[in-house]
Amino acid sequence: MKRLALAQRGLLLAAALMLGACASPPATLYDWGPYPQALLKHLRESGGDAARQASLLEEQLQRANGAARAAPPGLHAHLALLHTQLGNEAVALRHLQAEKALYPESAAYMDFLMGNARRAAREAKP
Amino acid sequence: MTSTLALPLLGPWALARRCALGLLVLLAALMGGCATVDRAPVDPWPALREARPASVLVLPPVNNTPDVEAPGSVMAQAVYPLAEAGYYVLPVGLVNETLRSNGVQTPADAQQVPVQRLREVFGADAALYLEVRKFGSVYRVISSDSEVAVDARLVDLRDGRVLWTGSASASSAEQRGQQQGGIIGALLQAVIEQVASNFSDRNHQVAGIAMRRLLNPQGPRGLLPGPRALAAAAAAGR
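Protein chains in written order, with the working numbering: chain A, 120 to 245; chain B, 354 to 591.
In short, the hints are calculated from the structure, not lab data. Be aware that one or more of the hints could be misleading.
Quick list of simulated restraints, FRET-style, between CB atoms [to be verified]:
#: 1; chain 1: A; residue 1: R241; chain 2: B; residue 2: A526; range: 53 to 63 Å
#: 2; chain 1: A; residue 1: P155; chain 2: B; residue 2: S490; range: 17 to 27 Å
#: 3; chain 1: B; residue 1: P399; chain 2: A; residue 2: A187; range: 31 to 41 Å
#: 4; chain 1: B; residue 1: Q458; chain 2: A; residue 2: G206; range: 20 to 30 Å
#: 5; chain 1: B; residue 1: A589; chain 2: A; residue 2: E178; range: 20 to 30 Å
#: 6; chain 1: A; residue 1: P155; chain 2: B; residue 2: G572; range: 19 to 29 Å
#: 7; chain 1: B; residue 1: P397; chain 2: A; residue 2: A209; range: 40 to 50 Å
#: 8; chain 1: B; residue 1: A526; chain 2: A; residue 2: Q216; range: 43 to 53 Å
#: 9; chain 1: B; residue 1: R511; chain 2: A; residue 2: Q216; range: 24 to 34 Å
#: 10; chain 1: B; residue 1: P573; chain 2: A; residue 2: E242; range: 49 to 59 Å
#: 11; chain 1: A; residue 1: A226; chain 2: B; residue 2: T518; range: 23 to 33 Å
Glycine included, C-beta positions come from ideal geometry on N, C-alpha and C.
Only chain A is shown next, with the shape it has when bound in the complex (with noise of 0.2 Å):
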C-alpha cells in the first residue's frame, strides 16, 4: 500500500516536470525595451516629443550593447526618424546604416532613405 503511494507520488512528479517543461517560455530572440512603446506613440500621435523618445531608445541601445543582445528589427531605423524630426540629418544618417548593418534585409529600403536624404541635402545647398 505504502509503495503504491510512492508511486503514485513519484508519477506525480513526473507529470509536473513534464508539463512544466511545455510551460516555461521561450527566451526572446531581441531586447525591446521602450521600443514597442515609442512606436505606439509615434503611430498615434505622430511625433510628439521625439527628443524624449530619442534619449529612451538610445539608452536601451546602450542597455542592449552591454548585455550583448541584438536591438530589435527597426530600433536603429526608427532613431533615424526621430533625429530626421529633430533635424539631426547626420545622426539619422547613422542610424540608418547601423539599421543596414545589422539588417541586411533592410539594405533595399534603407538606401532608398539614404538617396532621398543626400538628395535634400544637396538641393537645400545652393
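Starting from the structure of chain A, add chain B where the hints point.
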C-alpha cells in the same frame, strides 16, 4: 464492483502489468499534450513554405471600427510577434512616413499600391495586410470589456501570391471565468494584470494579445517560423 476493488484479486504480476500499461498511456497523453496539436497531414501553407520570405512589410491596417486609435495600435503591436517569429520587420514608423510623403494618405490607399511598387521601394519579400474588425469597449451590465479582432493576409511582393491568412481576437473578459489554457492563457493574464490606467491603454494591451495570437508560429494553421528564428534555434541546438 468497481475495478479498484477488483485489483487485489489479481496476482502481483498482473497488477504490475496493469500499472505499467496505465503509466504508458499517461506518458503518451502527456507528451501528446506538449506537441503543438496534431499536425494536419496536409501542409496548410505550401506557398509560404516554398516562398520562404525573410522580411515583412506591415502595411497600415484598414480600420473597420469607429475607434481612430485602432490602426496605430494594431500596426505597432504587429512588430513584436513578427520579429520574434523570426522575420525582419520593416520599420513601421518610417514606412508610414514614406507612404504619406508619397501621397499615400489612408490605409486603404496603401493596401492598393501594386506589389511591384512596394517591392521596389521597401525591398521586402512579403507584405502583411491587416484589417481591424473590432477594437475597444463592449459595455455590459456590470462592467465593460475591451475586445480586439484582426484579420490578416501575407502576400508575396515578388509575385503577388497569398502566402498565408489568419484571424485572431482577444478580450479583456478572458481574464475572468473561462480562462484560456496553455501558454497564451498565462501570457494573457500576465499582460492584462499590468493594470491598464485607462481604456486606451487597455485596448492597446488587448490588441497586443490578439496580434501575438495571430502571428505566433504555433498551432496547425499558424505562421511558419522565419529564417532568424530558425537560425537562432539551430545555434541554440549546437
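Now for the hints, and whether the structure bears them out:
The hinted range of 53 to 63 Å is satisfied by R241 of chain A and A526 of chain B, whose Cβ atoms lie roughly 57 Å apart. Checked against the given bound of 17 to 27 Å, the beta carbons of P155 of chain A and S490 of chain B, roughly 22 Å apart, stay inside it. Roughly 38 Å separates the CB atoms of P399 of chain B and A187 of chain A, a value that falls within the hinted 31 to 41 Å. Distance hint for Q458 of chain B and G206 of chain A: a CB-CB separation of about 25 Å, consistent with the stated range 20 to 30 Å.
Roughly 28 Å separates the CB atoms of A589 of chain B and E178 of chain A, a value that falls within the hinted 20 to 30 Å. Checked against the hint of 19 to 29 Å, the pair P155 of chain A and G572 of chain B passes, with Cβ atoms roughly 23 Å apart. Separation of P397 of chain B from A209 of chain A is about 48 Å and conforms to the stated range, judged on CB atoms against 40 to 50 Å. The given range of 43 to 53 Å is respected by A526 of chain B and Q216 of chain A, whose C-beta atoms sit roughly 47 Å from each other.
For the pair R511 of chain B and Q216 of chain A, the beta carbons lie near 26 Å from each other, so the given range of 24 to 34 Å is met. One distance hint, 49 to 59 Å for the beta-carbon pair P573 of chain B and E242 of chain A, holds here, with the actual separation near 54 Å. In this structure the supplied range 23 to 33 Å holds for A226 of chain A paired with T518 of chain B, their Cβ-Cβ distance being about 29 Å.
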